[in-house]
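**Student:** Protein sequence lines correspond, in order, to chains C and D.
Positions 9 to 271 (our numbering) are the ones given, in order, by the first sequence.
Positions 23 to 363 (our numbering) are the ones given, in order, by the second sequence.
Each hint should be verified, as a subset may be incorrect.
[To be verified] A short list of chain C residues far from chain D (calculated; beta carbon distances all over 12 angstroms):
| hint | residue |
| --- | --- |
| 1 | Lys12 |
| 2 | Lys23 |
| 3 | Leu31 |
| 4 | Tyr181 |
| 5 | Thr188 |
| 6 | Arg231 |
| 7 | Lys232 |
| 8 | Val242 |
| 9 | Val249 |
[Said to hold, decoys possible] Listed below are the simulated DSS-like cross-link pairs for lysine-lysine, each with C-alpha atoms no more than 30 angstroms apart in a straight line:
| hint | chain 1 | residue 1 | chain 2 | residue 2 |
| --- | --- | --- | --- | --- |
| 10 | C | Lys85 | C | Lys184 |
| 11 | C | Lys146 | D | Lys29 |
| 12 | C | Lys223 | C | Lys236 |
| 13 | C | Lys184 | C | Lys10 |
| 14 | C | Lys146 | D | Lys27 |
| 15 | D | Lys265 | C | Lys23 |
| 16 | D | Lys265 | C | Lys80 |
| 17 | D | Lys265 | C | Lys54 |
[As the list claims (entries may be wrong)] Computed beta-carbon distance windows for the label pairs:
| hint | chain 1 | residue 1 | chain 2 | residue 2 | range |
| --- | --- | --- | --- | --- | --- |
| 18 | D | Arg305 | C | Glu225 | 45 to 51 angstroms |
| 19 | C | Glu61 | D | Gly269 | 19 to 25 angstroms |
| 20 | C | Val133 | D | Tyr174 | 35 to 41 angstroms |
| 21 | D | Pro227 | C | Lys146 | 42 to 48 angstroms |
| 22 | D | Ala145 | C | Glu81 | 49 to 55 angstroms |
| 23 | C | Ser120 | D | Pro55 | 49 to 55 angstroms |
| 24 | C | Lys146 | D | Gly269 | 33 to 39 angstroms |
Simulated from the structure, these hints should not be mistaken for lab results.
Ideal Cβ placement from N, Cα and C applies to all residues, glycine included.
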Amino acid sequence: MKVKVEGLGFSYNGKRVLEDLDLPVCEGEFLGVVGPNGSGKTTLLKNIGGVLEPDEGMVYLDEKEIHRIPIKEIATKVAALQQETTVGFDFTVREVVEMGRFPHLDRFERHSDGDLRAVERAIEVTDLEDFTDRYVNKLSGGEKQRVFLALALAQEPDLLLLDEPTASLDINYQIKIMETVRSLQSEGLTVIAAIHDLNLAAQYTDRVALLNNGKVEVIGKPRKVLTKENIARVFGVEVEVENSEVKGCIHVFPRTGSLNSGR
Amino acid sequence: MNRAKPKVTFFVLFVLLAFALLAGVAIGPVRIPFGKSLLILTNELPWLNFSGLPDNFQTIIFELRLPRVLTGLLVGSSLALSGTVMQGIFRNPLATPYILGVASGGSAGAATVVVLGFTSNFALPIGALIGALTAVTVVYRISWSRGSSSSYTLILAGVALSSLFSAVTTALIFIAGPYEQHRVLFWMMGGLWRSSWPLFKILLPIVTLGTGIILAWSRDLNALALGESAAAHLGVRPETVKKTLLGLATTITAVSVAAAGSIGFVGLVIPHIMRMILGPDHRILLPAAALGGGVFLIYTDVMAKTIMQPVEMPVGVITAFFGAPFFLYLLRKKIVGGRMR
Numbered sequence: 009m010k011v012k013v014e015g016l017g018f019s020y021n022g023k024r025v026l027e028d029l030d031l032p033v034c035e036g037e038f039l040g041v042v043g044p045n046g047s048g049k050t051t052l053l054k055n056i057g058g059v060l061e062p063d064e065g066m067v068y069l070d071e072k073e074i075h076r077i078p079i080k081e082i083a084t085k086v087a088a089l090q091q092e093t094t095v096g097f098d099f100t101v102r103e104v105v106e107m108g109r110f111p112h113l114d115r116f117e118r119h120s121d122g123d124l125r126a127v128e129r130a131i132e133v134t135d136l137e138d139f140t141d142r143y144v145n146k147l148s149g150g151e152k153q154r155v156f157l158a159l160a161l162a163q164e165p166d167l168l169l170l171d172e173p174t175a176s177l178d179i180n181y182q183i184k185i186m187e188t189v190r191s192l193q194s195e196g197l198t199v200i201a202a203i204h205d206l207n208l209a210a211q212y213t214d215r216v217a218l219l220n221n222g223k224v225e226v227i228g229k230p231r232k233v234l235t236k237e238n239i240a241r242v243f244g245v246e247v248e249v250e251n252s253e254v255k256g257c258i259h260v261f262p263r264t265g266s267l268n269s270g271r
Numbered sequence: 023m024n025r026a027k028p029k030v031t032f033f034v035l036f037v038l039l040a041f042a043l044l045a046g047v048a049i050g051p052v053r054i055p056f057g058k059s060l061l062i063l064t065n066e067l068p069w070l071n072f073s074g075l076p077d078n079f080q081t082i083i084f085e086l087r088l089p090r091v092l093t094g095l096l097v098g099s100s101l102a103l104s105g106t107v108m109q110g111i112f113r114n115p116l117a118t119p120y121i122l123g124v125a126s127g128g129s130a131g132a133a134t135v136v137v138l139g140f141t142s143n144f145a146l147p148i149g150a151l152i153g154a155l156t157a158v159t160v161v162y163r164i165s166w167s168r169g170s171s172s173s174y175t176l177i178l179a180g181v182a183l184s185s186l187f188s189a190v191t192t193a194l195i196f197i198a199g200p201y202e203q204h205r206v207l208f209w210m211m212g213g214l215w216r217s218s219w220p221l222f223k224i225l226l227p228i229v230t231l232g233t234g235i236i237l238a239w240s241r242d243l244n245a246l247a248l249g250e251s252a253a254a255h256l257g258v259r260p261e262t263v264k265k266t267l268l269g270l271a272t273t274i275t276a277v278s279v280a281a282a283g284s285i286g287f288v289g290l291v292i293p294h295i296m297r298m299i300l301g302p303d304h305r306i307l308l309p310a311a312a313l314g315g316g317v318f319l320i321y322t323d324v325m326a327k328t329i330m331q332p333v334e335m336p337v338g339v340i341t342a343f344f345g346a347p348f349f350l351y352l353l354r355k356k357i358v359g360g361r362m363r
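If we strip away everything but chain C, and leave its shape as in the complex, we get (with noise of 0.2 angstroms):
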């Protein structure tokens, strides 16, 4: 899916979160939205996702503007994964995972078979066949967020909302949801994902797009935004960026006693 963010504006209770945000996100790319915390990443990917409603300026889900498509259409093209999600209640893995399904029926229709396929697909996407029938909260940090990764798949969505995906997972579980996520983009899905770790997002990423005080300080290829001087003028961090060994990533680190006093 095409998205087009244009001067984007939104506040919290009076206090200015994004001004005047340009994004443009092409159909198919894995587009990284990295920056402080504070800088509305949360926000924006709200905005994208018709969650909230923006103040000023316009989001464009394939040259539609947002708010003419109704909320549950935008739910069949348009899926998330929160940092966290709490499931009140005791429900199963597939239950959840069906839910995914919700914004494709009418109020008394039932699953059909393609429903039940598309579930059937999320879950094996996601590694869960041997959890189906196991209680949500029951389960890990790691396995939890493969179980709403399977929610949102289940959707079939064109545009994947990843916010913080792994910021409370181990290594392994970091790696599954990136590398799941990555095999669906090579399917054509089209992906933003707000990330915290800067070497998750430079390996995994298309383009990176740098916050700042509610806007885009710079875009493009993780090399070109992810630099020590870009890096050190929005984060107040001094860093060394290394090329990795691995296949053309970069390697971002902090010097010790490195913090900024001016920030």
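Go by the hints and put chain D onto chain C.
**Tutor:** Coordinates of chain D only, in the frame set by chain C:
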């Protein structure tokens, strides 16, 4: 995961309901044999015509007991359904139908009517209804001041307004004469003794319509269990769901309170029991809770009528008497805690 099959559960509930209806019309100060009761009830069916059924039994069943049993069914199912909705929306195991002030508002309304000296049959229900609706309207207006509301604001506003209305009721009882005091206290205990066909006929369309719409929104309630933001990404508008379902749930609760006073524990315990048996999927849970609540209230009302004959106990005493220990047992076994988070 060990859950009962929905089909089996619903079959059992319907059998229990059929038996409850029969027990409800047969058991009372005058005992009518079950066989005779069954004949008298089925005799109403157009293609059946038994003769020689005693007239006095027919009168007792149709004029006194049947409206009471059916009112009990509506009140019990409204409370349990409403409790399930409240627990679902607030994602809180302690939510009850009365959490937004319906019960104390109803009591204050009823007390006002009594103290003002209205004595007609419908004065109490109407006063209670006005009180209940006033209470929740104020709670909503306060909480929805900026187009959206947090669950905390709603619950806290409900708690605060409940105490205010309780204080009003207490003050009214304090200044009332002994006869009025007795009437108010009697009303507050909750019971089905005021049931009548006219009352039932008012209750029926409101409860049926409210229940129908709530059931149609059960999938939205499931989505809301993932939190408001995840629900929004599934195409659900959380504020719309909350407004619609809370509005309907409080309406059917308010008419139930108007008809039968504030009967406790049905709306807290039945949703938990049903969730334990069937799991949290509201598409199954909501209708099961509605049925279960109705059945539970009919049986407890039969007990209320018979346990201290010829004196009738308030049914609220019986529901609490069975409901509270059972709930404590569930807590002790951590079933309640384990089912909700």
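**Student:** Work down the list of hints and note, for each, if the structure agrees.
**Tutor:** Against the structure, the hints come out as follows:
no., hint, in the structure
1, Lys12, "20 angstroms, holds"
2, Lys23, "15 angstroms, holds"
3, Leu31, "19 angstroms, holds"
4, Tyr181, "19 angstroms, holds"
5, Thr188, "18 angstroms, holds"
6, Arg231, "32 angstroms, holds"
7, Lys232, "32 angstroms, holds"
8, Val242, "26 angstroms, holds"
9, Val249, "34 angstroms, holds"
10, C:Lys85 to C:Lys184, "23 angstroms, holds"
11, C:Lys146 to D:Lys29, "27 angstroms, holds"
12, C:Lys223 to C:Lys236, "19 angstroms, holds"
13, C:Lys184 to C:Lys10, "26 angstroms, holds"
14, C:Lys146 to D:Lys27, "22 angstroms, holds"
15, D:Lys265 to C:Lys23, "27 angstroms, holds"
16, D:Lys265 to C:Lys80, "18 angstroms, holds"
17, D:Lys265 to C:Lys54, "22 angstroms, holds"
18, D:Arg305 to C:Glu225: 45 to 51 angstroms, "47 angstroms, holds"
19, C:Glu61 to D:Gly269: 19 to 25 angstroms, "23 angstroms, holds"
20, C:Val133 to D:Tyr174: 35 to 41 angstroms, "37 angstroms, holds"
21, D:Pro227 to C:Lys146: 42 to 48 angstroms, "43 angstroms, holds"
22, D:Ala145 to C:Glu81: 49 to 55 angstroms, "51 angstroms, holds"
23, C:Ser120 to D:Pro55: 49 to 55 angstroms, "52 angstroms, holds"
24, C:Lys146 to D:Gly269: 33 to 39 angstroms, "34 angstroms, holds"
Checked against the numbered hints above, the structure breaks none of them.
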